Amino acid sequence: MLTLSSDFGSPYPAAMKGVILHRTDARLVDVSHTLPRQDVRAAAFWLRQVLPEFPPAVHLVVVDPGVGTERDVVAVRAGDHVLVGPDNGVLVPPARAIAPGDLTVYVAEEGDPESDTFHGRDVFAPLAADVHEGGVDRLERDGAFERTDAYETIEFPRPEREGDVVRGTVLVVDDFGNAITNVPGDWIEHHLGEAAIVGDRRVPIRRTYAALDPHEALITIGSHGNVELAVNRGRGSEAFAVGPGDAVVMTLGASGD
Amino acid sequence: MLTLSSDFGSPYPAAMKGVILHRTDARLVDVSHTLPRQDVRAAAFWLRQVLPEFPPAVHLVVVDPGVGTERDVVAVRAGDHVLVGPDNGVLVPPARAIAPGDLTVYVAEEGDPESDTFHGRDVFAPLAADVHEGGVDRLERDGAFERTDAYETIEFPRPEREGDVVRGTVLVVDDFGNAITNVPGDWIEHHLGEAAIVGDRRVPIRRTYAALDPHEALITIGSHGNVELAVNRGRGSEAFAVGPGDAVVMTLGASGD
Amino acid sequence: MLTLSSDFGSPYPAAMKGVILHRTDARLVDVSHTLPRQDVRAAAFWLRQVLPEFPPAVHLVVVDPGVGTERDVVAVRAGDHVLVGPDNGVLVPPARAIAPGDLTVYVAEEGDPESDTFHGRDVFAPLAADVHEGGVDRLERDGAFERTDAYETIEFPRPEREGDVVRGTVLVVDDFGNAITNVPGDWIEHHLGEAAIVGDRRVPIRRTYAALDPHEALITIGSHGNVELAVNRGRGSEAFAVGPGDAVVMTLGASGD
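Chains as they are written, first to last, in my numbering: chain A, 1 to 257; chain B, 1 to 257; chain C, 1 to 257.
Bound conformation, chain A alone (with noise of 0.2 Å):
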C-alpha cells in the first residue's frame, strides 16, 4: 500500500501516480492533496492525525516550499511504516505518532531530476515506489540510503495554563470551519457541561456539536483529542475571527448556561 498526500491540489498529483505505476502494482491511497499550501507545520499536523489510521504502508508526503534547494531527500522509517519526502520535519511528527520511539531517518540520493520544480514527479514518486518494492533495509544495503541522525524536525507550540486560564495558539483550520487549538482536550473535559470566557463572550463548553443551537459557539473537543473552537452548523474560525497561528485565551470556570 502507497499513500500519497500533497499540497498540489490537481491535476500534478496524478503526474506522481503515473510515475509510481511504471514501477509497482501497490495500491494506491489519496490521503489529501489540499493539505495547507507549503505550510510544513500544518500538513504535519494532518498527517500526525491520519496516517496512523493505516496499516503498514509506504507514505508519500510533498510539502516542500524549499524544492529545487540544497534540502535533502528522505526516507523515515516509523514501526512497519516509511514516509518518503522532503527533509523539512514534515515526516517527523506522523512518523512518531505511527511508532513512538522506534524511528529511523535515511537520505536519499536525489539523483538528477528532470525539473527543478517539481520534484514529487521527478524524485519522490519514483523513491517511494522503490521503497514500497524494496523496502529501506535492501535500499540501504544497495547503497541508495544512508541512515543519518541530523535531519530536521517540526515542534509544535505548547499551551500554558495558570490556575484557570489556559492560553493556546490555532494550528489549523479544518474544512468544516473548526479552530482546532494546540490545547489538550483533557484540560477542559472537567468543564464539559460549563463554560469559558474567549476574549469578551462566554462560550459553552460541550461534547457534541448539536448540543447547541444552530448557528451557535462551542468549545469541543476534536477527533484528535485537542480543543476546537466551533459552530453547530457554522464556522468556528468566523466565529472567533482566528486562524493558523493565532493565540485563544480561554477563562474556565464559568458557569454554564
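If you are wondering where the hints come from, they were derived from the structure by calculation, not from laboratory data. Since we're looking at a predicted model, the values are computed, not measured. Hints are supplied without guarantee of correctness; some may be wrong.
Unchecked claim - Covered by chain B, per the in silico footprint, the following chain A stretches (three or more residues, Cβ under 8 Å):
#1 21-33
#2 51-65
#3 165-177
#4 204-210
#5 213-224
Ideal Cβ positions, reconstructed from N, Cα and C, are used throughout, including at glycine.
Based on the hints, put chains B and C in the right spot on chain A.
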C-alpha cells in the same frame, strides 16, 4: 466493493480509509466528499442519482449533523447493496432508487466510540468494513444488528402544476451552477423548442446546453431526469438568482424564439 | 488500467465510475475532475503534461461543451494507449505527446444515450470500459468503430521572439497560481540568474521558487518545460495580473539583482 460518501472535504476521509483498510481488502471507490455540508436532503438527492449506477457494493455514507447525539446507526439493505450511515434519512432515497420495494433496515450497536465528533472514523467506517466482510445476514445472526421498522426517511417536496403553470423547488445546485429542481422532465418534454416564463423573463426550453449561444439562459432536462435552470457555459443559479430550497414558477407554452 | 479526466467536479464522476465498474475490473485512476471548466484547450494542455507519465492505459476524457450536439465520439490510439472522448480536439495533444507519429483515430457509434446532457455517464464511460476489455482492434472488427482522418485538433498559439523580446501567451494558471506560458524553457535558460522586463517591472529569472524571498515574483521554467510567471509562496497570476489567453511580453537580458 465499498464506496465512500461524505461532506468531510479533506483530509478526514483518509482517516476512514485507513480504518477500513485495517479490516478489509475491498476495492474502495470515492463517490464524493464534498456533498452539500450537513444538508441531509441534498446529500440524499445526489446519492439517489449516483449510487444506483454501481454494481452491488457496501456504501458508506456520512452526512451526520447529529454526530454524538442519540441518533441511531443503521444499515439499509437494498437488493444486493447495503448502505451504512446515520439514521437521519439520508440512506433511504438512494436505497429506494437502488432496489424499489426491496429494503430492510437494521439498527447497529454504536459501541463506545473514541470521539464524540468523528463517528465517520470511529463508528461508521469499521461498521461498513465489517458489513463488507460479513454481510448483514451474519451480523444479524451475531446479534450486532437488529431489524427495525422505525427509521427516519426524507421526503422531497412535491412539485405542482395547474394548467400551464408549474411550481417547483430547487433541490441542489451542481458544480456547473445548474439549479436542479424537483420538477420531472416529462412535465416539460413536449414544450422542447418552445419557451417558458420564469419571473419576468422568457427562457427557451432546449434539449442541450449548446443549443443556446454561450452565456444564454435555458431550461433543460438534466441527466437525473429533472428540470434544471441552466446557462450555456455559465451558471444557472446566478442567472436565475436561486439556490437550494427556493421556489421556481414556470409558465409553459410561451412561443419559442 | 483506466484513467478518468473531466471538468465535472463532484459527484458526477462517481456515476461514470459506477457505470465502468459494471463492465470491467480495471484499476481506475483519477487524473483530475477539476480541469478548467469547458475549456478544451486548457484541458488539452494539462492532459498533454500528465497522461504521458502513465503506463499503457485507456484514458477517459470528458470535457465536452458540445454535449448533445452533433460532435462525434472518438477513440484515439497512441502507441499502447487509447484515449476516449468527444471529437473536439481535446484528445489529440496528449495523444501526440504519448506516442508522437503513432496515432490512429476511430469514430464510435454514439448509440441512443439516456440523457442529452451527461454523455460522460451514458456514452463515454461504457465506451471506455468496452475499449479496456476489448481493445480498439476487436471493436473495429466488430464494426463498433470506424477509422477516420477527419477529426478535430487543437493547436496551441505559437510564441515569437525577435532579438531579446519574447512574446508568449498564458495557457493555464495552475493551482499554485503559476501562470504557465507557451514559451519554451530553453528560450530563457541561458538567462538564468539574470532578469527580464515584464511590463514595467524587472523580474529575476531563476531555477527555483525558493531562490527568491517569500512573496517575491520571478520567472522560472516549470516542470512542463515552459516558462512560467510565479511568486515564491504566492500567486504569479495575481502579481502579474494575467490569466489564460493573455499575452506576455518579456524583454530578456536585463542585468540580474
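- In ascending order, which of the hints set out earlier in this document are inconsistent with the structure? none
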